[in-house]
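Here the protein sequences come in this chain order: X and L. Counting in this note's numbering, the first sequence runs from 1 upward without gaps. Counting in this note's numbering, the second sequence runs from 1001 upward without gaps.
Don't read these hints as lab results, they were simulated from the structure. Do not take every clue at face value.
As a list, the in silico DSBU-like pairs of lysine-lysine whose alpha-carbon atoms are at most 35 Å apart [said to hold, decoys possible]:
1) Lys138/X to Lys183/X
2) Lys1067/L to Lys183/X
3) Lys106/X to Lys183/X
4) Lys111/X to Lys138/X
5) Lys138/X to Lys1049/L
6) Lys97/X to Lys183/X
7) Lys183/X to Lys1146/L
8) Lys1131/L to Lys138/X
9) Lys1049/L to Lys1131/L
10) Lys101/X to Lys111/X
11) Lys106/X to Lys121/X
12) Lys121/X to Lys183/X
13) Lys121/X to Lys1067/L
14) Lys106/X to Lys138/X
15) Lys121/X to Lys97/X
All figures in this text were calculated on a predicted structure; none of them were measured in a lab.
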Amino acid sequence: MRSLLDLARRYWATISRPSRYFSLGFLVIGGFVAGVIFWGAFNTGMELTNTEAFCTGCHEMRDNVFVELRSTIHYTNRSGVRAVCPDCHVPHNWTDKVARKMQASKEVWGKVFGTIDTREKFLDHRLELARHEWARMKANNSLECRNCHGSDYMDLTRQSPRAADMHSRFLLTGERTCIDCHKGIAHRLPDMGTALRSP
Amino acid sequence: MRIIAALLVVAGLASAPVLAQSGTVDALRGRTPVADESRPPPLGNPENKDVRRERAYSMQPPTIPHKIDNYQVDLNVNACLGCHSRGRAPVTQAVAVSVSHYMDRDGNFLAEISPRRYFCEQCHVTQVDAKPLVGNAFLDVDEVLKRAPPPARTAAKPASHP
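Generate the whole structure from the sequences, applying the supplied hints.
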């Protein structure tokens, strides 16, 4: 502990002293350039983890949830506009994104220790994993849905009568949010009997 | 009678050109040789009008008047019951599943949908606006009743008094 304090004191003595060899201009401009490079690298690295190729790089995602997504309308449809994993599962706002990425360190832990490395283990955990996502979307008022599906821009007259009725009764009044009714639209659902019984 | 039957067969063949051309009994394959893969017909677009249809006969399971693409019906969940179950129907204004579907084969009423009725699509199906492949002369019983000549009124015999 004492030696650690000594070390800190010595470093502080070094970095608090004015530079003897480098000009102020070099330090300012060099610091700026280094900052740009660091920031760019950090963001680019984070964006790399925000791609479908990265998500499906592990068999846990590729063989379970990604396979299920492929037959849904969010993967294949008449116009070819589609959602990739982070569109729904990572907040788009920068600070929220970093917060979610820090949370995802738990997922690295799960990967290292093989929490869901077989189909059976995945199915055992499906309810828990689904609940995390439902809770997250409920808490942010289905923000990731609304990034594309804005309720203000929905033309109810172009919807089927039952969709228009449900949306005007529950969505537009703010009584419910997207995820309340649209669970399991992109992946298979867990045992909903259990899910609804014990919250 | 035999002539009528023969005429019916001919009429049936004429209205099913695929059958007539191929000379085979398998209308689904059409003229494709057995060794080749046939080209599947384009998928229909199920009607999504949400207007209940008439039943063709009184015991017909009602057809589904909306799309059911990707509705999950398995051990984990029955997506249909998300709206049509007894408890959900008042909220969703969907047609509640008939009480008969809560009954087991011994006639006991169960709290939940009877397992033998669980897989909705065994009986209830969506419809596409497709031209029928063959003609159909089926008459609804109401129509049969309408067309039937009025029952001849037989003069009631006066009761013979002893």
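Which numbered hints does this structure break? 7, 8
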